[in-house]
Amino acid sequence: MSSPKVLVLRAPGINCERETHHAFTRAGGTPSFVHIQQLLAAPTQLDSFRILAVPGGFSYGDDISSGRVLAQEMKAQLGCRILQFVERGGLVLGICNGFQVLVRLGLLPCTRGTLAEEVTLTHNLSNHYECRWVTLKTQKSRCVFLPSGLLLRWPAAHGEGRLVARDATLQKLLLDEGFATALYVDENGQATERYPHNPNGTPLGFAGLTNRNGRVLGVMPHPDRSYLPTHMPNWRHTQLSRGSLPDDGDGMVVFREMIKVAKAEG
Amino acid sequence: MQAWRIDVLARPEHHDPMGSAAMRALLATGLEGVQDVRARRGYLLAAELPEAQVRAFARAVLCDPVIDQFVVHAPGAAPQVAAKGTQMVAIVPRAGVTDPVAHSIQKSLADMQMPAVQAGTYRAFDVRGNVDPQRLLQAAKKALANDVVQDVLLNALPAGFAGASAAADLAVHPIPLAHLDTSGLERLSKDGGLALDGAEMVVIQQHFQKLGRAPTRMELETLAQTWSEHCKHKTLTGNVRFEGRLIENLLKSTIVRVTHTLNRDFCVSVFVDNAGIVKFDDVDSVCIKVETHNRPSAIEPFGGAGTGVGGVIRDVLGTGLGARPIASTDVFCLAPPNLKPEQLPPGCIHPLALLKGVVAGVRDYGNPMGIPTVNGSVHFDENFVGNPLVYVGNIGILPTARAMKQAMAGDAIVALGGRTGRDGIHGATFSSLELHTESEKVSSGAVQIGDPITERKAMDAVLRCADEDLFSSITDCGAGGFSSAVGEMAEGLGAVVELGDAPLKYQGLAPWEVWISEAQERMVLSVPKAKLARVLEVCREEACEATVLGYFTADNRLVVRYRGTTHADLDLHFLHKGLPVRVRDAVFLPPSVSEPNLPPEPNVTGALLAVMSDYGVCSKEWIIRQYDHEVQAASAGKPLCGVREDGPSNAAVLAPKLGSRRGIVLSNGLNPRYSKIDPAAMAECALDEAMRNSVASGGDPDYTVILDNYCWGNTRDPQVLGELVRATEALCELAMHYRTPFVSGKDSLHNEFRAGDRTIRIPGCILVTAMSVIADVTRTMTSDCKRAGSLLVLVGMTKDELGGSVYYKTKAQLGSKVPRVDKNAGRDVLLGVHRAIAARCTLAAHDLSEGGLAAAVCEMAIGGKLGAKVDLAKVLTACTLRPEQVMFSESQSRFLLEIPPDRLADLRANLQHVPFAVVGEVTKEPTVLFAHGSQEVARLSVAELEVAWKRPLDLDQTLVAAGGGR
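Chains A and B supply the protein sequences, listed in that same order.
First residue of the first sequence? That's 117 in the working numbering, and the numbers climb one at a time after it.
First residue of the second sequence? That's 989 in the working numbering, and the numbers climb one at a time after it.
Relax, there's no trap hidden among the hints.
Straight line, CA to CA, 27 Å or less: simulated DSSO-like cross-link-like pairs of lysine-lysine: (1) B:Lys-1608 to B:Lys-1130; (2) B:Lys-1862 to B:Lys-1811; (3) B:Lys-1645 to A:Lys-121; (4) B:Lys-1862 to B:Lys-1787; (5) B:Lys-1664 to B:Lys-1608; (6) B:Lys-1328 to B:Lys-1799; (7) B:Lys-1853 to A:Lys-253; (8) B:Lys-1645 to A:Lys-376; (9) B:Lys-1220 to B:Lys-1240; (10) A:Lys-191 to B:Lys-1095; (11) B:Lys-1787 to B:Lys-1811; (12) A:Lys-191 to A:Lys-121.
Simulated restraints, written as ranges between beta carbons of each label pair: (13) B:Gly-1018 to A:Ala-192: 49 to 55 Å; (14) A:Gln-154 to B:Leu-1168: 57 to 63 Å; (15) B:Asp-1024 to A:Lys-379: 51 to 57 Å; (16) A:Gly-205 to B:Asp-1270: 42 to 48 Å; (17) A:Gly-205 to B:Ala-1156: 56 to 62 Å; (18) A:Arg-282 to B:Ala-1156: 49 to 55 Å; (19) A:Ala-192 to B:Gln-1331: 55 to 61 Å; (20) A:Leu-266 to B:Glu-1020: 47 to 53 Å; (21) A:Gly-382 to B:Ala-1397: 57 to 63 Å; (22) B:Glu-1529 to A:Gly-205: 27 to 33 Å; (23) A:Gln-153 to B:Pro-1053: 25 to 31 Å.
What the simulated footprint calls covered on chain A by chain B, stretch by stretch (three residues with Cβ under 8 Å from a Cβ of chain B suffice, anywhere in the stretch; the number is not a length): (24) 150 to 160; (25) 247 to 258.
Calculated from the structure, these hints are not laboratory results.
Remember, predicted model here, so these are calculated numbers, not experimental data.
From the three backbone atoms N, C-alpha and C, an ideal C-beta is built for every residue, glycine too.
Same shape as in the complex, but just chain A:
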């Protein structure tokens, strides 16, 4: 099995590309950086990759609203191509700003299989950016690579992470029909809308979404900042109780599972 090729998208203001690249390398993938200008100039190159990763950051300064300008830039020339990429077996990961871009592009949750903005990621109820570690519980979802039932600690770091659907019916459908992949949970492991466990006030506690065929994952908190054991906030406790550090941090599962699925699918 060859090492799956990963396109790590760069764009003005994207700033988590190096850690995303390293995490995929560590998982056994072969990532390369491709700048949005290069991709727009030669869109067919997308087809030579198995995975597309849109890293976090502040694409175009998050001017107007988060991810909006990059999504608009991608829409005309890349939107349908990415949809085809997903339908033909590609996998897509959007982290934080990458998630915001995929939502504005209409690729998530994409409940009807067409590109339309069904949900938004908007300003936190606190009205400001916030960086804090949160606990997520992964759900039984359509996502083909994120295992369910995991309790994961990842850092959230965003100002616009409140996931609001067009209406309450859709918000509920996202949960009932397996589009919601991970929920913010409190100290008892229960999904929560309350600060600080839910850092932005998202109804029902959604922290991540997948699409209809489960091949696209968008998450607000950062697996790309929690994949090494020393990334974890209390690794010293772990070291004390286990006598040594584990190989991975909690975010690594995403990269490992994506590479595993890509390899299995050949």
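Based on these hints, arrange chain B on the given structure of chain A.
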């Protein structure tokens, strides 16, 4: 020019966090009658765009289709702004103020195949309720806007774009000096904002007399920028007569001498580049720079702090042949946020507004840059009311092989990044003047607004060019703009510049303005001709504007032309070496202070709560959480620690090469209050505290470099300069003993505020920043208690040193017995504790600083959500002390360690002859108990402590409700 106005607002059924925040801010001013506030995000599009396109663009791009609605106001039409019972305030950027969003709007227009017409933004708020219009306007000006850069409109929207600039004055403007006497020259300097003194003006006069001509305005401005205190550090590099001695070049004979004498082999490049460069491993080096952005932040805290961050990032980016910025640090000194409004001198911004502004400024620059803000501190003292201090620091990483640079004759001068505007003119010289009541009005040209994404693009472009080895030298455009950047690079060479090619934000700038503008986000590269095409190509790919401004020559002349006309032709030797050496007198007179005679406290519980809720001690979580401290995935020791990540950390630990465990420990030390008793104590304690913070986190005291950042009053006053000299000598003596070389430093002098006949002077401050390189980040430590039943060990001696302490402050006292550092004992303590942590003997380690032993115990308990029992009688003291003195003494060179009982022998072996005592234990029950023998002195639950410690700076009221007492 008229424009379409598009208001975007959340539909009524959706939350409106921006409106809610505005409502809180308005209510906080005391405005009455407000029932509800809804926000509008406003956009301007040039009137020439057809309405159908305006609406299509608003629908597709400006408006969030899921939750927003929008209103379009036609050009020229008076907008229907206020519904019944509602008034509106609009916040509009003033003419010439950078509007970073405008470019993105134009880009999206182009992406939608529409004409990329002029665009702009504003904000507006619908305020419902029975509110007095004039009071609303005043409250909005105070709470929602900054007068310096924004206009506030009541019940109106901006009609269009701010007026077009007048045509540029392109004349050369010779400035005759020959006829002026010294006082005439001084007046010329003062009126022109040149900040040159009489002696300096005379030297310039003589130089041009020899040439037989008058200097041009541009030449005079270039000299003023290059010779400014900001760029040349005239006071610190000058000669000082002190206590019967003549100290030649104060900086060289103190700070620089320490580094040269120590001659540590890990120093790669010191005092010659933008930042000090230190060996990291066999391949790479790390570089570090800290500076201040005090004056701009005093006038416009958001823009000032943000551009401070942007500036120091560019310093690092421009170090060696380009370094990748990996972490930021920020330290603020402000007046207490609860300052009564009537105590605020006219012309000053209230410290609470300042705090919110500078935090937002750091946040909104650092986070979008993708550079984590990992470390910092905040200090409060009344004397910072007119001169808040904003220290900004940055660390970078670069291959050691690329640490040196040299521009060559024939290289092209390439400017890249942001465009040049009128922003920031006279920043370098403004920073050398005293602030006063009217500074806000007269100096607003010095205010800069940042555009982090432009800087990010410049950074990405520079680092790609660096990887491909495409340039021979690089520097940032900081103080003095092109004049300083090109002038510095041309030293020993020469340069010809064609300024007419510089890209401008808008028309109307005179050539001298283009030359000295401190517009942000610009870098200057020296590019060999053969590599020029590739540099321009890389910049194009990174969407970063790059322009050839001229080339370097070999005639040692700095020639600046504007469309063919020569505006400056300066001898570079005179520019860089012509500045006369300054000689100043200094005298140190110890301040008259005395020790208070406080009655003994039988129960210290109340005093403990007061100390824990002092602004200097209390939790800074509200600030920390707004900064991205995780981006770049290097974090191995975070600013907050403990089971709920709310305990205070001593320092940041980073593993910057992903996958490698080699790391950096970054810390700082500063205590302005000690300076009021003895500046020498302040300086020593700053260094010892920075080292303690580092060592407590796992830093290696024998592989640590330090930075000195001075903020001082008016050093023309011999007494004030005497304090500086005394502090410097004490600092250097200790640094020599600790074997910690200085690798970079900076000074900001004249921090005095004139309000009527009152002068408010800041206490002289030296911020010491310490950076240690360590082999393995898994051998580092945090401060939170980890295990019930473990021992609390106090390392070091506790003395009668409560002068300047937080305890005395809570009693409205200063005292006289200020902590001093015993340099021999101090080094032994640092080395011993480092060995113990590296040998994994400890479960937790915390340094003792503000609030002393008591604060350290409580903070460790809060982090661990465990209790502690401490017997004060067990503490090693240098003399007999009362229990509260033991608890709150701020003696230096002390650590509190948590140790498993079975590791006590190992600890002893590692500490060697360093004095220590087991003073207590960690308990499961979350209560902190201080006793003296059998007598209980203070007892508090961790939950109570947490509330007291978190409440003072819980500015969103979320920490105590959510985090305290859970």
